[in-house]
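Q: From just these sequences and the hints, can you work out the full model?
Quick note, the sequences are listed as chains A and B, same order. Per our numbering, the first sequence starts with residue 1, numbered consecutively. Per our numbering, the second sequence starts with residue 1001, numbered consecutively.
Hint data in this document are derived by calculation from the structure and do not stem from the laboratory. Do not rely on the hints blindly, as some may be mistaken.
35 Å max Cα-Cα, derived DSBU-like pairs, lysine-lysine [unchecked claim]:
#1 Lys71(A) to Lys14(A)
#2 Lys70(A) to Lys14(A)
#3 Lys57(A) to Lys70(A)
#4 Lys1058(B) to Lys9(A)
#5 Lys1058(B) to Lys1069(B)
#6 Lys1114(B) to Lys1069(B)
#7 Lys71(A) to Lys1058(B)
#8 Lys1058(B) to Lys57(A)
#9 Lys1058(B) to Lys1114(B)
#10 Lys71(A) to Lys57(A)
#11 Lys1068(B) to Lys57(A)
#12 Lys57(A) to Lys1069(B)
#13 Lys9(A) to Lys1068(B)
#14 Lys9(A) to Lys57(A)
#15 Lys57(A) to Lys14(A)
#16 Lys9(A) to Lys70(A)
#17 Lys1068(B) to Lys1114(B)
#18 Lys1058(B) to Lys1068(B)
Where chain A lies over chain B, by a calculated footprint (3+ residues, C-beta under 8 Å) [to be verified]:
#19 1037 to 1047
#20 1108 to 1117
The beta-carbon is built from N, C-alpha and C at its ideal position, and this holds for glycine as well.
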Amino acid sequence: NAGVTQTPKFRVLKTGQSMTLLCAQDMNHEYMYWYRQDPGMGLRLIHYSVGEGTTAKGEVPDGYNVSRLKKQNFLLGLESAAPSQTSVYFCASRAPTGVGGYTFGSGTRLTVV
Amino acid sequence: AQSVTQLGSHVSVSEGALVLLRCNYSSSVPPYLFWYVQYPNQGLQLLLKYTSAATLVKGINGFEAEFKKSETSFHLTKPSAHMSDAAEYFCAVSRTGLTGGGNKLTFGTGTQLKVEL
Chain A
1 NAGVTQTPKF RVLKTGQSMT LLCAQDMNHE YMYWYRQDPG MGLRLIHYSV GEGTTAKGEV
61 PDGYNVSRLK KQNFLLGLES AAPSQTSVYF CASRAPTGVG GYTFGSGTRL TVV
Chain B
1001 AQSVTQLGSH VSVSEGALVL LRCNYSSSVP PYLFWYVQYP NQGLQLLLKY TSAATLVKGI
1061 NGFEAEFKKS ETSFHLTKPS AHMSDAAEYF CAVSRTGLTG GGNKLTFGTG TQLKVEL
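A: As structure tokens, then:
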């Protein structure tokens, strides 16, 4: 089925470890986004990309890096994980035309101990 | 900058009762407004959107929302709740006039809807 696929679905990290979350979409969408979801805080934008090779900071970018080497993939990296980065991470994509209509992945639940 | 405020982090209704989830927005320019639903352990799914056409917007699963500029509100309603409506609901806003990827969604903090027998 077409959509947004996130891997892994679950991960436990130790403080200081690094990891990369992968987001892949097969809808040929230009725009991709990484959000984190925390209880009582809704979704907050970490980084986003408006096309292959481009990235930009969102509302809470500190501690994260991203790359968009291929149009279909948007990677979110944690160089040195901290307990404050325990969260559920969602990737979303959108076509340039139209309004709204984000397609979300099913999320990655990350725990940093 | 734009923002949305969702009143009530938890709402409980009886099956068959009216569902009313409240959302107020703040925006310096005319907004686009959205409601998303999130079922347990899933991503967000678009319920409906307001894009400056009709002020009463109908969405999926019998939900609708009315844009009221005078009240800066975009409340979500459903006449009769069903057990399957139990989920978390998010209101979101973006700016009009920008169609690029930089026109990002800003989400509210969410309302958990519980439907009781």
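Q: Tell me, in ascending order, the numbers of any earlier hints that this structure violates.
A: 13
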